[in-house]
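Same order as they appear, the protein sequences are chains E and D. When the count follows my numbering, it moves up by one through the first sequence with no breaks and lands on 1289 for the last residue. When the count follows my numbering, it moves up by one through the second sequence with no breaks and lands on 476 for the last residue.
I should point out that these hints are in silico values taken from the structure, not numbers from a laboratory. As the structure is a computational prediction, the values presented were derived from the model and not from experiment. You may find that some hints are simply not true.
Said to hold, decoys possible - Derived DSS-like pairs: lysine-lysine, alpha-carbon spacing no greater than 27 Å straight-line:
1) D:LYS220 x D:LYS329
2) D:LYS221 x D:LYS361
3) D:LYS220 x D:LYS239
4) D:LYS239 x D:LYS221
5) D:LYS221 x D:LYS329
6) D:LYS329 x D:LYS239
7) D:LYS441 x E:LYS877
8) E:LYS877 x D:LYS220
9) D:LYS329 x E:LYS1094
10) E:LYS1061 x E:LYS1094
11) D:LYS221 x E:LYS877
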Amino acid sequence: MPPRRLEELRDPVAFTVDGEEVLAERGESVATALVAAGRLLLGRSVKYHRPRGPACFEGRCDGCLMRVDGVPNVMTCQAEARAGMEVETQNVLGTVRADVLALTDWFFPEGMDHHHMFTRFGPVNRVMQKVARRVAGVGTIPDGARAPIAPRDARVDVLVIGGGRSGLEAANAAAREGASVWLVEAEQLGAAAAARGEGVPAPGPPVEVREGTLAVGVFDEVGFGFTTGEPEPAEPVRWVLLEDARGLIRLRPRALVVATGAFAGAEAFAGNDRPGVLSPRAALRLLDAGVLVGQRVALVGAGPELERAAARLKAAGAETLGPFEASGVDAVGGRPSVRYLRVGETKHACDAVVSAAPPTGAYVLAGQAGAGLRFDGRGFLVAADEHGRTAHPAVFAAGRCTGRVGEGAARQAREAGRGAARVARGEVPAAFTPERPSPAPAERGALPRSASDKVVVCRCEDVTLHELEEAVARGHRDLEAAKRYTGFATGWCQGKQCVSLCARALAALGGEVADAPITPRPPLRPVPLAELARLVDDGEGA
Amino acid sequence: MRTTHGAHDLPDEAEVVVIGGGIMGLSIAYHLAREGAGRIVVLERSYLCSGASGRNGGGVRAQWSTERNIRLMRESLQICADFATTMRINVWFRQAGYLFLARSEERAAQLEASVALQRANGLPTELIDAAGVKKLAPVVDTRDVVAASYNPKDAVVFPWPFVWGYARGCAEQRVGIFPFTEVVAIETDGRRVTGVATKDKRIRAPLVINAAGAWSPEVARLVDIDLPNRPHRHEICSTEPLKPFLRPFVADLATGLYCSQSMRGEIVGGISNEKVPSGYDQRSSLRFLGLYARELTRTIPRLGGVRVLRQWAGFYDITPDGNPLVGRVDALEGFVLACGFMGHGFMMAPVMGKKIARHLLHGEDEELFERWNLRRYESGELLSESMILG
Ligand SMILES: Cc1cc2nc3c(=O)[nH]c(=O)nc-3n(C[C@H](O)[C@H](O)[C@H](O)COP(=O)(O)OP(=O)(O)OC[C@H]3O[C@@H](n4cnc5c(N)ncnc54)[C@H](O)[C@@H]3O)c2cc1C
Ligand code: FES
Chain E
748 MPPRRLEELR DPVAFTVDGE EVLAERGESV ATALVAAGRL LLGRSVKYHR PRGPACFEGR
808 CDGCLMRVDG VPNVMTCQAE ARAGMEVETQ NVLGTVRADV LALTDWFFPE GMDHHHMFTR
868 FGPVNRVMQK VARRVAGVGT IPDGARAPIA PRDARVDVLV IGGGRSGLEA ANAAAREGAS
928 VWLVEAEQLG AAAAARGEGV PAPGPPVEVR EGTLAVGVFD EVGFGFTTGE PEPAEPVRWV
988 LLEDARGLIR LRPRALVVAT GAFAGAEAFA GNDRPGVLSP RAALRLLDAG VLVGQRVALV
1048 GAGPELERAA ARLKAAGAET LGPFEASGVD AVGGRPSVRY LRVGETKHAC DAVVSAAPPT
1108 GAYVLAGQAG AGLRFDGRGF LVAADEHGRT AHPAVFAAGR CTGRVGEGAA RQAREAGRGA
1168 ARVARGEVPA AFTPERPSPA PAERGALPRS ASDKVVVCRC EDVTLHELEE AVARGHRDLE
1228 AAKRYTGFAT GWCQGKQCVS LCARALAALG GEVADAPITP RPPLRPVPLA ELARLVDDGE
1288 GA
Chain D
87 MRTTHGAHDL PDEAEVVVIG GGIMGLSIAY HLAREGAGRI VVLERSYLCS GASGRNGGGV
147 RAQWSTERNI RLMRESLQIC ADFATTMRIN VWFRQAGYLF LARSEERAAQ LEASVALQRA
207 NGLPTELIDA AGVKKLAPVV DTRDVVAASY NPKDAVVFPW PFVWGYARGC AEQRVGIFPF
267 TEVVAIETDG RRVTGVATKD KRIRAPLVIN AAGAWSPEVA RLVDIDLPNR PHRHEICSTE
327 PLKPFLRPFV ADLATGLYCS QSMRGEIVGG ISNEKVPSGY DQRSSLRFLG LYARELTRTI
387 PRLGGVRVLR QWAGFYDITP DGNPLVGRVD ALEGFVLACG FMGHGFMMAP VMGKKIARHL
447 LHGEDEELFE RWNLRRYESG ELLSESMILG
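Build out the structure end to end from the sequences listed, making use of the hints.
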């Protein structure tokens, strides 16, 4: 049996990785099959060519990007393994284990300030730029063209985003008020709650539940989407773009409830980006698929998800170490994936690290929709009152994305659902103006001391803590300025994984953290151009 | 070195106050300081790079349809080429040319005329056919391409470090740069400017430069001057980074589509979109995504499977005749405009910053500043430029 599978394969399918055959259970993701086969090293990072492995299993990081059947940068934790698939590692000169360009990682041990490199002599500068250009990018252009896919259209009174407890409470409450309701959930209903060992209520019959459907953006549009000859309002009209297995849906809701929950962000310690370091939810997802991420697993951080992951890992036969406090971890190391966790002089041997960073609210869609946001010292959240009202009269928010849990969240969600139904009927709700909170003092926390390896604050773009420090020293002190100087939040996850950590680090480094994160821009997850190419009619010009 | 200051350091007095810390304001301040203009202060409402200067595509080209623009931009290209070493900051200047595609006979004829003018002004621009396009950019679908123009000297830069480079150059010459400092009033004494006011401070100055880009009409309104320029939202987006496969900057004047592969490997580009909300709405739209994706995948079909990572928007600063508004304002002594740069103020800034500084201090380039003065809207003598993108 492959090293990390808990059960024999029942219905195996075979695919290849760089030409080598790998077996997967039918229906599981490519990344799951690779971890099961003992392969945690899936590619190399964009700048320093550091080893990369899957870290979130939620389509939110750069760890599992691979070329699949001629298409680059496929998130393999989200791609089902199919017989005959050809999967390739990317961004490699040589082999993924011995990548020549990993020399950059060694050459710049703390990171680099590429803005000021080699600017003394023209000829040297030109050579440097040529080399930089040559090695840029991850993945190569797809082999073939992909035909455009037409979007579908729909309208509804209330759209609820997020199929956790709050989303279901809100959807049911809105439906009881007589509204037509869609509830979209990127994975399955209650998936995130299950990771905490909690259940969710069943959806009431009039709610249209769409699992496997991701909301990718909220847009207020003029001159768009009215293709059937109906009169086009002069005022902007709100559309929510949804993506499911068949492509895009343009949905026009009258009111919106955002119940997108929270997820583990990132934590700062040396080697925090090594393959084998993953979130508690990732470890649980793997266990659900019958895969044990490691035999000796070190735990970092705290919280219900970590406790649950620890219990289930133990029950499945793994040994666990810790939990360690993140600020006390001096390094995680090992090649090509985790071999030890070091605290002071003590090296704890392990083959995986499950790290639970403080949860960060999934605020992006609410932010796009016009709700206010706030920083609670650890991460960003949606600003909403106990009735779920936000700064936008037709946008409600509830649950963990607003910082509420338990019964308080459930009440807030029901209120939000009722409020949204009333807005859909044309009632104007009482205004809620979130007082502009003076930004909560960031918990300065201890940042790692001088480290033996890079402390990565943004993994998609390989930004290190040292680079952030350099940016602050040069006067790029607020989140937007530091983002532009270092490049954090500009990678695959567009900051979902890193902004809260960067904000905490910035505060600890003496920078300024306002009450708002960087502008939350669409799309929530990268969308192929072919799916966007038929959003406007063929004949329509500029 | 620290390039910016907190509001508590604001002086009471300056020789020049520049309103707007975009590329134009900073370039002007830098050159004024080099020419010895005395104490200069740049006031920026938000962070540096928050305006159009931090949101653009970084295209720098000399392919234009008027002699004046061709010559100016040729000079700008040279400044850009040397920027990294003179200003000690990498702007990733990449000279792989601009490729303008024509998909109709009419467009081809227009390009042909521009190419002739450009060649007469010393540019190596060539008119090429579909096969020539294939050679320069093999991924482009050339089936309906009638002709194209290509100037190998046109280039792309990464915009942010340009702004930081000028900011540091300014700081080295003791220009005070104040982000998060909005000008809320301009003070006057009869028909002359005497200074500006921020929320909690007044600064006396005999010369005030309005380099507030798309917000310049709002700034001019503080002194009851009506400017003819208006903001027009222009959107742009970026794909996931890929290994280099596209060398030139590709543009199509018929649809306004343009794209290039950045130093980081992303395809960055935009397209004309006329239906946008008026005013200062900087949000992103689906209509833009749709128009852009449709034309981009028609032009480069292999991009169909490539994903859009992020989209954003900024403002073009549109004048009715497509030419900028620069120089002194007749109605108010000491008030100077440096705005109306449409969708190409980024490439204009290196050369125009220098020219504006020298014009103000030494009276150089009278003819240019006469042509581009606000008073042309009163005299009714308007100018035109046809190679405008977006
Ligand atoms: C999407 C996009 C793509 C583009 N692509 C290109 C391109 O490829 N090539 C090119 O050459 N050009 C391009 N442009 C145009 C170019 O970016 C602009 O012309 C140029 O940046 C203008 O610079 P600016 O300094 O005049 O304005 P801005 O950069 O907008 O600076 C004006 C500043 O003034 C500040 N301000 C406003 N009001 C006040 C006040 N009251 N007090 C203090 N400060 C104030 C603003 O905050 C702002 O930072 C593009 C523009 C956009 C939006
Ligand atoms: S970690 Fe994904 S963009 Fe920063």
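Would the pair D:LYS221 and E:LYS877 pass a check requiring their Cα atoms to be no farther apart than 27 Å?
-> It holds: about 21 Å lies between the C-alpha atoms, which stays within 27 Å.
Could you grab the alpha-carbon distance between D:LYS221 and D:LYS329 and see if it respects the 27 Å cut-off?
-> Distance of about 19 Å is within 27 Å: holds.
Mind checking the alpha carbons of D:LYS329 and D:LYS239 for me, to see if they're no more than 27 Å apart?
-> OK: D:LYS329 and D:LYS239 at ~23 Å, within 27 Å.
If you draw a straight line from the CA of D:LYS329 to the CA of E:LYS1094, is it 27 Å or shorter?
-> violated, 39 Å
Going straight from one Cα to the other, do D:LYS220 and D:LYS329 come out at no more than 27 Å?
-> holds, 19 Å
Is the Cα-Cα distance between D:LYS220 and D:LYS239 27 Å or less?
-> holds, 19 Å
For the pair supplied as a hint, E:LYS877 and D:LYS220, confirm whether the alpha-carbon distance does not exceed 27 Å.
-> Roughly 23 Å between the alpha carbons, so the hint for E:LYS877 and D:LYS220 holds.
Does the alpha-carbon distance linking D:LYS239 and D:LYS221 stay inside the 27 Å limit?
-> holds, 17 Å
Taking 27 Å as the top limit, are the C-alpha atoms of E:LYS1061 and E:LYS1094 close enough?
-> Holds, because 21 Å separates the two Cα atoms, which is no more than 27 Å.
Does D:LYS441 pair with E:LYS877 here, judged by a C-alpha cut-off of 27 Å?
-> violated, 32 Å
Between D:LYS221 and D:LYS361, does the CA-CA distance stay at or below 27 Å?
-> violated, 36 Å
When held up to the earlier numbered hints, the structure conflicts with 2, 7, 9 and fits the remainder.
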